[in-house]
Amino acid sequence: FNPPERRAVKLTRRDLMWKWLAYGLSLALVTVINYCVLNQLPLGAIPVLLPVTAVAVGVLEGPKSGAGYGMAAGIVMAAATHGSMAWVFLLCVLGWICGLLALYVLRRDFVGYLLACLVAGLLYEAGQVLPRLVSGAAGLPVLLRVAGLEYLWTAAFAIPVYGLYHLCCQKCGRIYHE
Numbered sequence: 001f002n003p004p005e006r007r008a009v010k011l012t013r014r015d016l017m018w019k020w021l022a023y024g025l026s027l028a029l030v031t032v033i034n035y036c037v038l039n040q041l042p043l044g045a046i047p048v049l050l051p052v053t054a055v056a057v058g059v060l061e062g063p064k065s066g067a068g069y070g071m072a073a074g075i076v077m078a079a080a081t082h083g084s085m086a087w088v089f090l091l092c093v094l095g096w097i098c099g100l101l102a103l104y105v106l107r108r109d110f111v112g113y114l115l116a117c118l119v120a121g122l123l124y125e126a127g128q129v130l131p132r133l134v135s136g137a138a139g140l141p142v143l144l145r146v147a148g149l150e151y152l153w154t155a156a157f158a159i160p161v162y163g164l165y166h167l168c169c170q171k172c173g174r175i176y177h178e
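First residue of the sequence shown? That's 1 in our numbering, and the numbers climb one at a time after it.
Hint data in this document are derived by calculation from the structure and do not stem from the laboratory.
Since this is a predicted model, take the numbers as computed values, not measurements.
All C-beta atoms in this analysis are idealised placements derived from N, C-alpha and C, irrespective of residue type, glycine included.
One or more of the hints may lead you astray.
Said to hold, decoys possible - Using C-beta positions, here's what the derived DEER-type ranges look like:
#, residue 1, residue 2, range
1, A28, V134, 33 to 41 Å
2, L103, L133, 33 to 41 Å
3, P42, A138, 14 to 22 Å
4, G163, V105, 34 to 42 Å
5, K171, L130, 36 to 44 Å
6, L130, Q170, 34 to 42 Å
7, P42, L21, 30 to 38 Å
8, S84, V37, 39 to 47 Å
9, L144, R14, 19 to 27 Å
What the hints assert, rightly or not - Cut-off 30 Å, straight-line C-alpha distance, at most; resulting in silico cross-link-like pairs (DSS-like, lysine-lysine):
#, residue 1, residue 2
10, K64, K171
11, K19, K64
12, K171, K19
Whole structure, please, built from the sequences with the hints as guidance.
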């Protein structure tokens, strides 16, 4: 039994507009949940979900879409956290790399997404811990406890984020096809 081959479906301009509107609304929803709802809960650490959204689009749609969406997520993350505009560049590169990995290395499904999220989460936490450790702001046990909690919560909330983005991808059609 040979399964039927996947055929690339040409999305119309209207379909593309609906797809990016759905992704934009998803970004807004995840941002509100991350920074207005989850930080009010006694979790011990706040998950970081905007990089996870860039991973989702990169894995589901490919490198170009992942990079563009990562740039948008980076702008939102920089604005929401009053952080550096470096997030724009970093999330753009993250979405692009995850898209490339999904093309050549990872599966383009939940397993590939979860692996990419776990690696991206480790890199994010290392980027948060190392400067504080070097500057002597806190000891390693304290930093690892906070980073570990944040990493675990991010991984847990990455599951419903994938569901949301997978829904957008399936309802509106994939932009990038194999």
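Hints breached by this structure: Failing hints, ascending: 4, 8 and 9.
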